[in-house]
Amino acid sequence: MHLQLNNLNDKELLLRMRKLQDREAAGVLLDRYSHLLVAVCMPKLSKEKPAETVFPAITRQLFTQLSSSFGKINETVYAIVQSYFVKGNKPTAQYIPPPSQAIQRLELQVEQAGNNPIAKATLTARIEQALSQLSKEEAELLTGFYLEHQTLQDLAQRRHITADKVRNSLKGIRKKIATQLKDVAYE
Amino acid sequence: MNNHSPRQERVLKIFTPVRCINRDQLLRYHRGNMTPVEKHLVEQHIVDCDLCHDALHAMSNHHLHEQYSHLTQELSQFIHREFTPPPQPAKKQLQRQVKQHKTTESLLSYFWAIMFVAIGGGSIFLLQQHLKNRPALATLPSRTTDALIIPAAAKEPTATIDPNYQSVSSGTGKPSVIHTQYNASARDSINKTNTASVTAGITPPAALAKKDTTSLKKKPLKDSAAKLPATDTNTRMALNAPPPKDDPKKQELKDPKDQKFEAQDGENVPAKEPEKTSGGTANNTNTPTNKSKTEEPKSPASGDESLFRAAMQYQQQGDLNEAANQFKKLSGNDKYSERAKYQLAMIYKTKGQNGKARRLFKEIIKMEGNMKSMAQAELNTIN
Numbered sequence: 001m002h003l004q005l006n007n008l009n010d011k012e013l014l015l016r017m018r019k020l021q022d023r024e025a026a027g028v029l030l031d032r033y034s035h036l037l038v039a040v041c042m043p044k045l046s047k048e049k050p051a052e053t054v055f056p057a058i059t060r061q062l063f064t065q066l067s068s069s070f071g072k073i074n075e076t077v078y079a080i081v082q083s084y085f086v087k088g089n090k091p092t093a094q095y096i097p098p099p100s101q102a103i104q105r106l107e108l109q110v111e112q113a114g115n116n117p118i119a120k121a122t123l124t125a126r127i128e129q130a131l132s133q134l135s136k137e138e139a140e141l142l143t144g145f146y147l148e149h150q151t152l153q154d155l156a157q158r159r160h161i162t163a164d165k166v167r168n169s170l171k172g173i174r175k176k177i178a179t180q181l182k183d184v185a186y187e
Numbered sequence: 001m002n003n004h005s006p007r008q009e010r011v012l013k014i015f016t017p018v019r020c021i022n023r024d025q026l027l028r029y030h031r032g033n034m035t036p037v038e039k040h041l042v043e044q045h046i047v048d049c050d051l052c053h054d055a056l057h058a059m060s061n062h063h064l065h066e067q068y069s070h071l072t073q074e075l076s077q078f079i080h081r082e083f084t085p086p087p088q089p090a091k092k093q094l095q096r097q098v099k100q101h102k103t104t105e106s107l108l109s110y111f112w113a114i115m116f117v118a119i120g121g122g123s124i125f126l127l128q129q130h131l132k133n134r135p136a137l138a139t140l141p142s143r144t145t146d147a148l149i150i151p152a153a154a155k156e157p158t159a160t161i162d163p164n165y166q167s168v169s170s171g172t173g174k175p176s177v178i179h180t181q182y183n184a185s186a187r188d189s190i191n192k193t194n195t196a197s198v199t200a201g202i203t204p205p206a207a208l209a210k211k212d213t214t215s216l217k218k219k220p221l222k223d224s225a226a227k228l229p230a231t232d233t234n235t236r237m238a239l240n241a242p243p244p245k246d247d248p249k250k251q252e253l254k255d256p257k258d259q260k261f262e263a264q265d266g267e268n269v270p271a272k273e274p275e276k277t278s279g280g281t282a283n284n285t286n287t288p289t290n291k292s293k294t295e296e297p298k299s300p301a302s303g304d305e306s307l308f309r310a311a312m313q314y315q316q317q318g319d320l321n322e323a324a325n326q327f328k329k330l331s332g333n334d335k336y337s338e339r340a341k342y343q344l345a346m347i348y349k350t351k352g353q354n355g356k357a358r359r360l361f362k363e364i365i366k367m368e369g370n371m372k373s374m375a376q377a378e379l380n381t382i383n
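Line order of the protein sequences matches chains A and B. Going left to right, the first sequence walks through residues 1 to 187 as my numbering numbers them. Going left to right, the second sequence walks through residues 1 to 383 as my numbering numbers them.
Worth flagging that the hints you see were computed from the coordinates, not collected in a lab. Using N, Cα and C, we set each Cβ at its ideal position, and we do this for glycine too. Treat the hints with care, since some could be wrong.
[To be verified] Just some of the chain A residues that point at chain B, by a computed CB distance under 8 Å:
{"no.": "1", "residue": "E24"}
{"no.": "2", "residue": "V77"}
{"no.": "3", "residue": "K136"}
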């Protein structure tokens with residue numbers, strides 16, 4: 001059973017977890033993200049918050065949160081980790097911005113287009129139109145990373161900036177395009 | 001995902017979701033063990049995923065790699081322990097087994113309860129049946145007072161009385177009492193019963209006039225005893241001797257004397273006295289006509305008579321079944337039919353078989369014989 005659950009994707013596991021109250025599916029899902037959880041939490045571990053207390057607590061919070069929340073799991077995990085460690089320093093939880101609905105919607109459309117050439121062509125045309133409205137620097141950065149497959153390090157070295165800044169720029173550009181396409185769709 | 005793919009595919013890759021990096025990729029990314037395509041996919045993912053970006057950033061410190069492996073393993077084990085599905089089938093099987101066991105136990109308890117009730121009820125029923133059909137030996141003394149009132153037939157010859165049976169009276173027309181082996185005190189009760197029945201006018205000695213009973217009461221017992229010693233020879237002599245016709249007083253004196261039944265102590269055999277006729281004659285046995293009558297069936301009916309006496313003896317000894325058999329044999333006899341049926345009916349009555357007793361009493365009534373009134377009285381008693 002465990003092996004069969006490992007072959008399911010996150011959405012299917014979430015579905016089993018919510019509808020069938022399948023704890024085993026929840027375990028597989030949490031185990032799938034456990035290494036990332038450890039890697040994210042490791043620099044923040046301290047004597048006050050040792051690994052023996054942090055990971056079980058975050059895991060239980062995750063289980064509770066995943067049973068009711070929607071959206072990407074990685075974003076939920078990241079939000080819970082940030083919330084858990086910020087709570088220790090401040091009495092009130094820090095505001096965690098919700099994931100961009102526009103990006104999620106656009107990703108869903110691309111996923112649903114699949115092998116449909118008409119849907120693909122329509123989506124490509126809309127994205128090309130959005131790209132044409134970007135600034136020159138943004139269009140070059142986006143084209144260099146996604147279309148020319150340059151690495152973050154290369155792009156950072158050319159622009160004499162850090163890779164994180166390149167990543168943040170790319171993230172902003174994606175969000176800008178998704179929001180633009182969303183607004184066009186509503187118009 | 002290479003540069004040779006058409007632009008349309010590459011543009012769509014901007015918004016194509018990529019899965020988070022796995023454990024292996026997390027370590028290989030910093031070790032440089034990735035192909036350019038794989039590395040670009042990871043970077044494409046970390047642009048959008050803060051979790052993977054922070055994880056990769058944390059793993060850039062090589063000192064944490066060992067701790068990372070240890071903690072990852074522990075967390076995986078914890079998750080496996082925490083989120084292992086409960087062994088429901090085992091629990092269910094256990095519950096089923098427990099349920100089946102309980103069901104079996106309850107069924108067994110029901111079964112034994114039903115068996116206990118059935119056995120108890122059966123034993124009570126058998127006990128009741130046993131008490132109903134118990135040999136009348138134990139209860140006979142109290143009942144024989146009624147059962148042993150044997151009305152003698154009018155044709156009964158007084159001379160056929162067995163020498164073993166002695167009675168004080170010389171055989172009047174009254175019912176003779178057969179004294180049982182149980183106690184001598186029964187005699188008193190028997191006498192009382194006889195007296196009561198006579199005064200009530202129910203018994204066939206209904207032929208006895210009331211004045212007889214009154215005179216009987218008046219007559220002291222010792223007179224009779226003094227006049228006639230209880231010996232067989234005397235009895236016979238008294239029976240054979242013609243009664244003085246011209247002395248009604250003596251006749252009266254004899255009658256109450258004859259009505260008083262006594263038996264010698266220690267004698268278990270019943271004494272039989274001839275019964276007076278329904279015409280109410282004072283003493284038929286003393287008349288020559290009756291005498292001749294009683295002498296007539298003496299020789300041919302001796303076998304039946306002995307059979308009747310034996311049956312009476314059985315009855316007195318408590319062997320009611322044997323007595324009933326004897327009386328049944330005699331019930332076909334013309335001479336003893338009525339008495340045998342009456343005694344048989346009394347046996348049935350004693351045994352509680354009232355239906356048979358009732359039927360026999362009705363037959364006796366239909367026979368229109370001497371015992372009709374007694375049978376009628378007993379039938380009324382049963383009803």
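Hints versus structure:
A hinted interface residue such as E24/A counts as satisfied when its beta carbon comes closer than 8 Å to some beta carbon of chain B; here the least separation is about 4 Å, so the hint holds. For V77/A, the interface hint holds, the least distance from its beta-carbon to any beta-carbon of chain B being 6 Å, beneath 8 Å. With a cut of 8 Å, the hint placing K136/A at the interface with chain B is violated, because the nearest CB-to-CB distance is about 17 Å.
Comparing the model with each earlier hint shows a violation of hint 3 alone; every other hint is respected.
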